[in-house]
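Assemble the whole structure, with the sequences as input and the hints as a guide.
Quick note, the sequences are listed as chains B and C, same order. Under our numbering, the letters of the first sequence match residues 1 to 310, in that order. Under our numbering, the letters of the second sequence match residues 1 to 310, in that order.
Hints listed in this document are in silico derivations from the structure and should not be mistaken for laboratory results. Among these hints, one or two may not hold up.
In silico EDC-like pairs for lysine to aspartate or glutamate, Cα to Cα no more than 20 Å straight-line [claimed, not checked]:
| id | chain 1 | residue 1 | chain 2 | residue 2 |
| --- | --- | --- | --- | --- |
| 1 | B | Lys199 | C | Glu195 |
| 2 | B | Lys199 | C | Asp162 |
| 3 | B | Lys62 | B | Glu33 |
| 4 | B | Lys199 | C | Asp194 |
| 5 | C | Lys199 | B | Asp194 |
| 6 | C | Lys199 | B | Glu33 |
Note that the structure is a prediction, hence the values are computed from the model and not measured.
Number of protein chains: 2
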Amino acid sequence: MALGIKVFAPASVANVGVGYDILGFALDKPGDEIIAKFTNHKGLRITKITGAQGRLPYEIEKNTAGVAAQRFLEHIGEAGRGIDFEIRKKMPFGSGLGSSAASAVAGVMAVNELFNCPLEKRDLLPFAVLGEQVADGSYHADNVAPSLIGGMILIRDNTSLDVHRLNVPKGLYATVVHPKIEILTRDSRAILSDEVSLKGMIQQTGNLASFIVGMFNSDIELIGRSLQDVLIEPQRKKLIPYFDAVKEAALSAGALGCSISGAGPSIFALSANSLIAEEVGVNMKRVFKENKIRCTIYQSRINQEGAYKC
Amino acid sequence: MALGIKVFAPASVANVGVGYDILGFALDKPGDEIIAKFTNHKGLRITKITGAQGRLPYEIEKNTAGVAAQRFLEHIGEAGRGIDFEIRKKMPFGSGLGSSAASAVAGVMAVNELFNCPLEKRDLLPFAVLGEQVADGSYHADNVAPSLIGGMILIRDNTSLDVHRLNVPKGLYATVVHPKIEILTRDSRAILSDEVSLKGMIQQTGNLASFIVGMFNSDIELIGRSLQDVLIEPQRKKLIPYFDAVKEAALSAGALGCSISGAGPSIFALSANSLIAEEVGVNMKRVFKENKIRCTIYQSRINQEGAYKC
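What follows is the structure, encoded as C-alpha cells:
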C-alpha cells in the first residue's frame with residue numbers, strides 16, 4: 001500500500017458538436033492533480049487547494065473530488081481511514097472543458113491508487129459521476145468518462161453508464177480556445193429550448209451517425225461534413241462573443257469542424273493533423289485578440305489514456 | 001446492347017427504429033420485377049402491370065418506375081428511344097416495406113441495364129429518389145438506397161444523397177411481419193409531432209450512435225440495448241393494432257429489438273441468427289392470428305446486393 005501518490009486527470013471536450021450529452025473526448029492537458037497520503041487522522045480531509053483562487057470548498061461533501069473519493073471509500077469499506085488530499089487545480093473553472101469532472105476523476109483515482117487499485121479504472125466511473133454531480137447537479141458522464149479512461153467516448157445512457165470507445169483516426173488533432181469569459185453550465189443549460197424540431201433532429205442524427213461512421217472508417221472528409229451541430233450551437237453561441245468569427249477563422253485555416261466545447265465558452269476544432277491544428281489555433285486566437293478578449297489555446301491529440309498516476 | 005432484360009429490386013425496412021429518415025436496410029424478398037425491351041415506338045411506355053390490382057398508373061409521369069426511368073433516359077440523352085416496361089408488382093402497397101422505392105429502383109435499373117450500364121449502380125440513386133418522390137411527395141433515400149445498393153445504409157443528408165454502408169455483423173437476421181391493414185405514408189407522417197423533447201432526443205441519439213457502434217464492432221448485445229425508439233414508435237404505434245403485443249412476442253422469442261418498419265404497418269425485428277428470427281416470426285404471427293388479422297411473415301438476412309439483373 002502506497003504512503004502517498006499523485007494522480008492527474010485531464011480536461012475534456014463534451015458534446016463534440018453533434019453529440020449533445022452523449023459524446024466527449026479527452027485532451028492531453030490541461031488537467032487537475034491530486035496528491036493523496038495516508039495519515040493518522042480519521043477519515044478523508046482536504047488539507048490544501050492551490051490554483052482555485054479560494055473558489056473550491058474544503059468540505060468533503062461539497063467538493064467534487066471529495067464526494068467522488070468518499071463514495072469510493074464507502075464502497076470499499078475504508079471510509080474511516082485517514083487520508084489527506086492536496087488538490088492542485090490546474091485548469092480554469094466554467095470553461096466548458098470539464099473542470100469539475102477532472103477534479104472528480106482525480107479524487108476517485110487518487111484513493112483507488114492509494115489502495116493499490118482494488119477496482120479497474122473503468123469501474124471508477126460511477127463514483128466520479130457522483131462527484132461531478134455536486135458541481136452541476138446532473139448525473140452525466142460526457143466529461144467524466146473521457147477524463148477517466150481517455151479516448152472519444154460515446155455514452156449510450158447516463159443512468160446505466162453504458163459507455164463505448166470510438167475508433168480515432170490516426171492524426172486527428174484538437175484545438176481548443178478558451179476565452180476568458182465565464183459561463184455557468186446551469187446558465188448554458190437554461191438557454192436551451194426544451195424541444196427541438198423533428199426536421200432539425202433528422203439533420204442532427206444524420207450528422208451524428210455519419211460522424212461515428214467517419215471515426216470507424218477513418219474517413220476524415222466524412223468527419224468534416226458531419227461535424228455540424230444544427231440544434232444546440234445556434235442557441236448557445238449567443239453566450240459566446242465573436243463565436244461565428246472564431247469558427248470561420250478555424251474553418252478557413254483548414255479545420256474539419258468547429259463548435260462549442262461542453263457548455264462553453266471554450267470552442268474546439270478538429271483537424272486532420274497537428275500542423276493544421278496549430279494553424280487553426282493561431283487563427284482562432286487572432287479573432288479574440290483583435291476584439292480585446294484574452295484567451296488561451298490548447299492543442300492536443302485525442303488523449304487515449306485518460307487519468308493516470310504520475 | 002440487350003434487346004430485353006429483367007431486373008429485381010427488393011423491399012426494404014426504413015427508419016430501423018432509431019434512425020428516423022436516415023437508416024434503412026434491404027431484404028432478400030419480397031420485391032418488384034421489371035421487364036424492359038427496346039421497341040420501334042418513340043419513348044418509354046408502360047405496357048403491362050401485374051400484381052397491382054389496377055392501382056398503379058400507366059402514365060409515365062405518374063408512375064414511380066416510369067419517372068425514375070424517364071429522368072435517367074433524359075440524363076443519358078436517350079429519352080426518344082422506344083422502350084416498353086412490364087411491371088410485375090410482387091409486394092404489397094402501403095406496407096411500410098418500401099414498395100414505391102422498389103418500383104422506382106427497378107425502373108432506373110431496368111433502363112441502365114438495357115443500355116449496358118452507362119452509370120455505376122450507386123450513381124442511379126438520384127433518379128430512383130426522384131421516382132419515389134412521385135409516390136410520397138418527399139425526396140428521401142432511406143428505402144431507395146438500400147433497395148438499390150443493398151446493405152444497412154445510413155443517409156447523412158437526403159439533399160446531397162450522402163449515403164454510407166454500415167458493417168453488418170455475421171448472422172444478423174431480420175423478421176418482418178406485414179399485417180393486412182393499409183397505412184398511407186402521408187397519414188403516418190401526419191401523426192408525428194413537429195417537435196421532439198430535448199430529453200427524448202438525447203436518449204434517441206444515444207441509442208442511434210450505439211446502434212452504429214454495435215454494428216461496426218459486431219456487438220450483438222449492444223445492438224439489442226440500442227434498438228429502442230423512444231420518439232417515433234410511441235406516436236406511430238397507435239396506427240397499428242396489437243403492436244405492443246407483437247413486439248413483446250418478438251422480444252420474448254429472443255429478438256434483439258423490434259419496431260415499426262418505415263411508416264408501418266409492417267413490424268420488423270432483428271435477431272442474432274436465422275433460427276431465432278424464425279421463432280420470432282412464429283411468435284409475431286401468432287398474435288395477429290389470435291386477433292383475426294391476416295398477416296405475412298418475411299425472414300431475411302440483411303441483403304447486401306440490392307437490385308440486380310435476373
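Under the criterion that the straight-line Cα-Cα distance not exceed 20 Å, is the pair Lys199 of chain B, Glu195 of chain C satisfied?
8 Å, holds
Need the status of pair Lys199 of chain C, Glu33 of chain B: alpha-carbon distance at most 20 Å?
34 Å, violated
Lys199 of chain B and Asp194 of chain C: Cα distance at most 20 Å?
Holds. Lys199 of chain B to Asp194 of chain C sits at ~8 Å (cutoff 20 Å).
Given the proposed pairing of Lys62 of chain B with Glu33 of chain B, does the C-alpha separation stay at or below 20 Å?
18 Å, holds
For the pair supplied as a hint, Lys199 of chain C and Asp194 of chain B, is the alpha-carbon distance within the 20 Å limit?
8 Å, holds
Between Lys199 of chain B and Asp162 of chain C, does the CA-CA distance stay at or below 20 Å?
Holds. Lys199 of chain B to Asp162 of chain C sits at ~17 Å (cutoff 20 Å).
Comparing the model with each earlier hint shows a violation of hint 6 alone; every other hint is respected.
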